[in-house]
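Construct all of the structure, not just a fragment, from the sequences and the given hints.
In the order they appear, the protein sequences are chains A and B.
Oh and the first sequence: position 54 is 164 in our numbering, straight run, nothing missing.
Oh and the second sequence: position 69 is 165 in our numbering, straight run, nothing missing.
No wet-lab data here; the hints were simulated from the structure.
Any given hint could be a false lead.
[Claimed, not checked] Footprint (simulated), chain A over chain B, 3 or more residues, beta carbon under 8 Å:
hint, segment
1, 184–192
2, 358–367
[Claimed, not checked] Quick partial rundown of chain B residues pointing at chain A, CB under 10 Å, derived from the structure:
hint, residue
3, Pro246
4, Ser283
5, Ser339
6, Val406
7, Glu407
8, Cys410
If you're wondering where the values come from, they're calculated on a predicted model, not measured in any experiment.
The beta-carbon is built from N, C-alpha and C at its ideal position, and this holds for glycine as well.
One-letter residues, chain by chain:
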Amino acid sequence: MNDEQDRKPLERDTKGAYEAPKVIRVSLRPEEAVLGHCKVTGAGGPVATSCFAVYGACRTPGS
Amino acid sequence: MKGQRLPMLPSQKESLRENGLHGLLFPSASRLSYRIGGITFSLQSEGDLNLAPDRELAAFAVEAAHGDVNLSISWTDSLEAPRSTPLFHSGGLWSLFAEPSGYRFSFLAPVLGMTPYKEAWLDSEFRSGRVLLSRRFFDTERPVFPLEYPLDELLMIHRLSRGEGVEVHAVGISDETGRGHLFLGHSGAGKSTTARLWLDRPGIRILSDDRIILRAREGRIWMYGTPWHGDAGIASPDCAPLSAIYLLEHGKSNEQLALPQGRAAAELFARTFTTHHSGEGIRFTLDFLDRVAREVPCSIFRFLPDETAVEAICRAGA
Numbered sequence: 111m112n113d114e115q116d117r118k119p120l121e122r123d124t125k126g127a128y129e130a131p132k133v134i135r136v137s138l139r140p141e142e143a144v145l146g147h148c149k150v151t152g153a154g155g156p157v158a159t160s161c162f163a164v165y166g167a168c169r170t171p172g173s
Numbered sequence: 097m098k099g100q101r102l103p104m105l106p107s108q109k110e111s112l113r114e115n116g117l118h119g120l121l122f123p124s125a126s127r128l129s130y131r132i133g134g135i136t137f138s139l140q141s142e143g144d145l146n147l148a149p150d151r152e153l154a155a156f157a158v159e160a161a162h163g164d165v166n167l168s169i170s171w172t173d174s175l176e177a178p179r180s181t182p183l184f185h186s187g188g189l190w191s192l193f194a195e196p197s198g199y200r201f202s203f204l205a206p207v208l209g210m211t212p213y214k215e216a217w218l219d220s221e222f223r224s225g226r227v228l229l230s231r232r233f234f235d236t237e238r239p240v241f242p243l244e245y246p247l248d249e250l251l252m253i254h255r256l257s258r259g260e261g262v263e264v265h266a267v268g269i270s271d272e273t274g275r276g277h278l279f280l281g282h283s284g285a286g287k288s289t290t291a292r293l294w295l296d297r298p299g300i301r302i303l304s305d306d307r308i309i310l311r312a313r314e315g316r317i318w319m320y321g322t323p324w325h326g327d328a329g330i331a332s333p334d335c336a337p338l339s340a341i342y343l344l345e346h347g348k349s350n351e352q353l354a355l356p357q358g359r360a361a362a363e364l365f366a367r368t369f370t371t372h373h374s375g376e377g378i379r380f381t382l383d384f385l386d387r388v389a390r391e392v393p394c395s396i397f398r399f400l401p402d403e404t405a406v407e408a409i410c411r412a413g414a
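As structure tokens, then:
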């Protein structure tokens with residue numbers, strides 16, 4: 111019995127207060143996330159050295 | 097149109113001038129290997145095709161007879177747009193198709209019409225494949241880097257999604273004690289600005305100002321630099337154990353707000369490059385980010401674009 115009483119305060123401490131689930135919104139940038147577009151034509155970045163390998167391929171600024 | 101050379105734009109002439117120097121720095125070859133985030137890509141050309149890496153890849157080049165991802169590269173006279181429905185259309189340069197042997201990426205550019213300029217065929221695990229370049233759209237007398245954006249990153253994120261890790265939109269900084277700080281942000285959030293603020297501090301290593309790879313190793317999360325840099329042009333093959341994550345926001349003062357784990361995982365996902373067409377890939381990515389959010393403290397960092405932002409981070413970590 112004593113053991114049980116001793117344990118209860120400890121359980122309360124470690125469990126923490128109940129927090130109800132809630133929906134949160136995060137901002138997505140699909141045009142960036144899918145790597146479909148060049149960042150800025152002719153500028154630095156992941157595309158800087160690549161887009162001009164193909165004649166004019168990269169004319170779709172996006173990410 | 098076959099065999100017809102398209103007119104060269106002024107910007108392309110500039111590029112060719114730059115690549116002339118580039119050619120001296122990186123001679124062409126029939127074999128090319130590089131390692132990013134601990135994953136080795138090996139390219140072998142066929143026929144008269146000469147390979148040359150992007151200049152950013154120089155620091156990532158390795159000697160490797162066999163990679164984790166192995167690709168053969170060749171010219172082809174022409175390519176046809178696949179007639180099947182794509183698994184995924186990026187809305188831009190590439191689409192992905194299911195094939196009996198695995199997957200096919202088809203690359204189209206509006207300015208080039210409806211004919212693909214490149215295809216990449218990969219096995220289902222993204223460990224081997226071949227890349228076909230349509231001769232009519234390239235200067236075949238010059239060496240090429242066939243994994244030009246976005247194929248290099250597409251291969252990486254597909255390979256990572258097979259249980260290896262994730263690529264995030266972030267700047268990664270290792271401080272003077274070796275602890276890794278990851279500053280996440282969409283375009284315009286201040287990643288390159290942050291990188292520049294830290295650049296001249298002693299003992300600091302900046303792994304990339306735009307793309308970082310996260311992987312689990314030795315019981316903890318590590319961050320790796322990539323060649324895919326942002327406006328600050330910083331790219332390093334180094335890595336560091338991840339100690340703290342910050343969600344960058346422009347602010348009127350420097351302010352750090354702790355994020356609950358669930359929100360942190362969601363915000364990480366919003367800044368992760370992953371395989372949106374694959375339930376399996378998404379599942380792994382979410383599980384991995386959940387682990388990251390549980391193991392590494394994450395906060396919103398509203399910052400001023402000056403030295404005080406660096407000092408605020410250093411004070412918080414002291």
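So, going through the hints one by one against the coordinates:
1. Judged by the Cβ-Cβ criterion of 8 Å, the segment 184–192 of chain B is covered by chain A as claimed, because 6 of its residues qualify and three suffice.
2. Here's how the segment 358–367 of chain B fares: 6 of its residues keep a CB closer than 8 Å to some CB of chain A, so the rule of at least three is met and the hint holds.
3. Using the Cβ-Cβ criterion of 10 Å, the hint placing proline 246 of chain B at the interface with chain A is satisfied: the shortest such distance is roughly 4 Å.
4. Interface restraint check: serine 283 of chain B against chain A, minimum CB-CB distance 6 Å, threshold 10 Å, status holds.
5. For serine 339 of chain B, the interface hint is violated, the least distance from its beta-carbon to any beta-carbon of chain A being 23 Å, above 10 Å.
6. The beta carbon of valine 406 of chain B is not positioned within 10 Å of any beta carbon in chain A (closest approach about 22 Å), and the interface hint is therefore violated.
7. Taking 10 Å as the C-beta cut-off, the interface hint given for glutamate 407 of chain B is violated, the closest approach to chain A being about 27 Å.
8. Look at cysteine 410 of chain B: its Cβ only gets to about 27 Å from chain A, farther than 10 Å, so that hint breaks.
When the structure is compared with the earlier hints, violations turn up for hints 5, 6, 7, 8 and for no others.
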